[in-house]
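**Student:** Residues per chain are reported as follows:
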Amino acid sequence: MSDSTAIANGAPAEAQHEHPPYQRHHFASVEQQADTTNFAMWLFLLTEVMFFGGLFTAYLIMRNWYYQPFVDASHQLSIFWGTANTAVLIASSFTMAMAVWSAEVRRKGTLLLFLCLTLVFGFIFLGIKGIEWHEKWEKHHIPGEHYSVQSFVNPQSDPEVYKEYHDAPLPADAAQKTVEYFFLYFAMTGMHALHMVIGVGILIFMIFRARSGAYTTGHVTFVENFGLYWHFVDIIWIYLFALLYLISRH
Amino acid sequence: MSAATIVNLPDQSTARIPKMNFLTKENGLLSWLLTGDHKRIATLYLISITFFFFIGGALAGLIRLELLTPQTSLMAADTYNKVFTMHGVIMVFFFLVPSVPATLGNFLMPMMIGAKDLALPKVNLLSWYPYIIAGFMAIYTMAAGGVDTGWTFTTPLSTHYLNTHVISTGLAIFVAGFSSIFTGLNFIVTIHKMRCPGMTWFRLPLFVWSNYAASILMVLGTPVLAITLVLVVLERTMHIGVFDPAFGGDPILFQHLFWFYSHPAVYIMILPGMGVISEVVSTFSRKRVFGYTAVAFSSVAIAVFGFFVWAHHMFIMGISNYAALIFSLLTMLVAVPSAIKIFNWTFTLYKGSITFETPMLYAFGFMGLFTIGGLTGVFLGTTGTDIHLTETYFIVAHFHFVMVGGMLMAFLSGIHFWWPKWTGRMYPEKISQLAAVVTFIGFNFTFFPQFILGMLGMPRRYAAYPPEFQALNVFSTAGATILGIGYLLPIIYLTWSLKYGAVAGNNAWQATGLEWQTQSPPLTENFAEIPIMDHEAYDYEWLEKMQEKEVASVG
Chain R
1 MSDSTAIANG APAEAQHEHP PYQRHHFASV EQQADTTNFA MWLFLLTEVM FFGGLFTAYL
61 IMRNWYYQPF VDASHQLSIF WGTANTAVLI ASSFTMAMAV WSAEVRRKGT LLLFLCLTLV
121 FGFIFLGIKG IEWHEKWEKH HIPGEHYSVQ SFVNPQSDPE VYKEYHDAPL PADAAQKTVE
181 YFFLYFAMTG MHALHMVIGV GILIFMIFRA RSGAYTTGHV TFVENFGLYW HFVDIIWIYL
241 FALLYLISRH
Chain E
1 MSAATIVNLP DQSTARIPKM NFLTKENGLL SWLLTGDHKR IATLYLISIT FFFFIGGALA
61 GLIRLELLTP QTSLMAADTY NKVFTMHGVI MVFFFLVPSV PATLGNFLMP MMIGAKDLAL
121 PKVNLLSWYP YIIAGFMAIY TMAAGGVDTG WTFTTPLSTH YLNTHVISTG LAIFVAGFSS
181 IFTGLNFIVT IHKMRCPGMT WFRLPLFVWS NYAASILMVL GTPVLAITLV LVVLERTMHI
241 GVFDPAFGGD PILFQHLFWF YSHPAVYIMI LPGMGVISEV VSTFSRKRVF GYTAVAFSSV
301 AIAVFGFFVW AHHMFIMGIS NYAALIFSLL TMLVAVPSAI KIFNWTFTLY KGSITFETPM
361 LYAFGFMGLF TIGGLTGVFL GTTGTDIHLT ETYFIVAHFH FVMVGGMLMA FLSGIHFWWP
421 KWTGRMYPEK ISQLAAVVTF IGFNFTFFPQ FILGMLGMPR RYAAYPPEFQ ALNVFSTAGA
481 TILGIGYLLP IIYLTWSLKY GAVAGNNAWQ ATGLEWQTQS PPLTENFAEI PIMDHEAYDY
541 EWLEKMQEKE VASVG
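Sequence order for the protein chains is R and E.
Taking the numbering used here, the leading residue of the first sequence gets 1, the next gets one more, and so forth.
Taking the numbering used here, the leading residue of the second sequence gets 1, the next gets one more, and so forth.
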């Protein structure tokens with residue numbers, strides 16, 4: 001990064017290099033640079049909070065309006081897969097934290113190990129999400145032309161869910177409102193999954209860079225900031241898990 | 001006009017533009033497209049927003065031409081709907097929101113706080129690309145047949161009833177949102193972390209304060225608009241309703257989410273303009289801005305209050321009486337910090353050594369027109385009168401007084417004020433004074449009749465109207481042609497001045513800001529060495545001492 005700016009300045013590269021190569025030319029010190037990018041990352045996460053905030057608002061209002069359809073629709077989600085995914089994500093947050101630590105103590109081997117583990121957990125999460133979405137597809141619970149209210153007007157037709165919750169059948173108009181739940185479910189988990197995919201992409205990029213020793217020179221800002229992003233995506237999931245899966249179990 | 005002037009140009013027979021500056025540093029298209037230099041990115045923005053301004057302006061011209069006669073004579077009603085929608089979308093999202101922050105803010109912020117660049121130069125460059133991509137998407141939409149929802153995308157109209165290009169417009173605004181998030185984020189980080197030694201918070205120029213406040217709004221508001229538009233697009237593609245009542249959705253929810261951004265957005269548009277006015281008023285009355293701290297905090301107060309008034313756009317949309325009451329009260333409160341600014345600028349003028357160069361003329365225009373715009377805002381914030389006035393031309397006039405009379409005046413004021421810094425050359429003074437006066441006259445002719453039209457009950461957003469409104473509409477259209485000349489003039493003489501303008505020297509206005517203490521156009525690194533701020537903002541005595549010292553050392 002810094003090299004390109006040094007060249008852009010037209011000055012001989014050596015003259016600019018009293019400071020470490022990763023320090024950008026417009027910062028007075030490495031500490032200022034680390035501080036600044038860190039602060040920027042927190043601000044970026046704040047915008048993400050506002051972004052998801054809009055979805056959460058819509059969800060809470062709709063849930064208040066259509067309480068029973070939302071409860072019944074929520075029963076369609078698999079607690080098993082949800083819990084498994086939560087565990088996977090928390091584990092990945094742990095390995096990510098360890099990756100940041102490895103970068104700080106400059107251990108390239110452990111850094112690579114933990115980054116790869118985080119990547120694997122990320123893939124597992126997306127895989128499980130895929131299984132869950134596929135199940136919705138099979139039951140025609142994806143909003144759109146093929147949406148079916150069968151499981152809600154006639155709960156017995158869906159024995160797996162019925163034996164657990166014994167939901168009373170919903171009247172046809174209320175059953176139609178379950179589509180709102182699934183719309184928001186897909187919007188929220190989809191937006192979350194998109195963040196995961198972006199995270200996985202950056203992880204792969206980081207693994208390549210880490211192999212050439214990029215993060216074990218004492219300049220760990222990038223890893224640290226990515227860690228913040230990863231933990232943030234994890235926290236969003238915790239809220240989704242509580243609001244979409246757990247909220248209707250008593 | 002008095003002969004007094006503070007313009008201080010170097011001897012033209014010997015003066016030269018410095019050979020080494022940010023414009024001449026590197027050549028070639030790529031050196032611009034891949035630059036990290038905030039001044040070059042600001043230049044890119046300046047060119048692109050001017051382009052969009054003229055597209056939006058042409059559409060405004062079409063609107064006024066159509067309204068010349070009571071019948072739909074120039075275009076069909078649905079074409080008219082598309083024209084005013086595109087006018088709104090382009091002017092709001094592609095001109096007003098980025099106007100001052102992305103151009104002047106980008107250019108000046110680092111220099112004003114004594115830094116070499118914004119904190120995140122690559123993010124800064126990254127903010128320009130979404131803007132351009134989004135701009136092309138908007139133009140594509142227009143070419144492909146346009147969109148006719150109005151810039152407010154009211155649901156369920158936008159989600160189910162209209163057969164126009166809502167999706168591509170929505171996505172264009174979504175993408176443009178990234179641009180303003182990145183800019184806002186960059187400014188906040190820069191102001192927190194990049195100030196030079198001695199530059200405390202209360203030594204910052206007020207321009208920096210107001211951009212800081214606007215940045216907070218950008219960072220907190222824009223993501224909400226983004227998710228709202230995503231939901232509209234999803235709703236339209238998948239035919240599910242979060243917002244459409246026919247499918248069990250809630251159109252009021254859309255209004256809440258949309259105005260949660262779009263009301264603060266008007267403060268995003270106006271606050272940076274207020275910053276420009278603070279700088280200009282101080283410089284051309286040779287006085288420190290009266291009540292510096294109050295003006296600084298009033299910017300922050302506007303940003304904070306700005307987030308709690310959005311429902312005043314919804315008084316007739318079925319929110320409860322109690323909500324209307326509270327939001328009406330909160331709306332009145334926003335008038336307080338805005339009034340603090342106006343009063344303090346006025347008091348700055350009091351006993352100042354005022355000179356009337358172009359930026360100051362525009363600033364006067366701002367103060368008058370913004371005050372009218374702001375006060376009519378109080379009419380609209382009062383629930384009783386709002387029911388009568390909303391959805392009429394009164395709203396149109398109010399909004400244009402604040403945005404065109406306020407923000408555009410401030411933008412032009414700032415462009416003239418910092419033009420010598422940006423290009424190293426002066427614009428021609430006499431003709432630009434003329435342009436400022438023409439703009440002011442044309443503006444009043446255009447928009448003042450619209451207040452009366454609104455009071456008389458002429459609804460907005462219709463291509464045809466009852467014949468008794470024609471006289472005032474003719475006034476308005478005639479004014480628009482004058483206004484158009486007022487905007488064409490600057491682009492002509494400013495372009496002319498790039499080659500033929502007088503060489504401006506470092507500090508053409510004898511202003512105190514750090515940006516004036518370096519060469520014009522500045523070096524890529526802004527300063528030969530990082531400055532140390534050893535005086536308060538707007539300290540004209542300090543400037544005098546500095547100049548004396550220089551003369552002494554040269555002599």
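Don't take every hint at face value.
Chain E stretches covered by chain R per the calculated footprint, using a threshold of three residues with CB under 8 Å from any CB of chain R [stated by the list, open to error]: (1) 8-14; (2) 224-233; (3) 236-250.
Restraint ranges, calculated between C-beta atoms of paired labels, are given here [claimed, not checked]: (4) T382(E) with N64(R): 26 to 34 Å; (5) L45(R) with E548(E): 35 to 43 Å; (6) Y462(E) with A87(R): 29 to 37 Å; (7) L33(E) with C116(R): 53 to 61 Å; (8) T217(R) with N163(E): 56 to 64 Å.
Hints are computed from structural coordinates only; laboratory data are not their basis.
All of these numbers come straight from a predicted model, not from anything done at the bench.
For every residue, glycine included, the Cβ atom is placed at its ideal position computed from N, Cα and C.
**Student:** To test your reading of the hints: which numbers does this structure violate?
**Tutor:** Violated hints: 1, 5, 6 and 7; rest satisfied.
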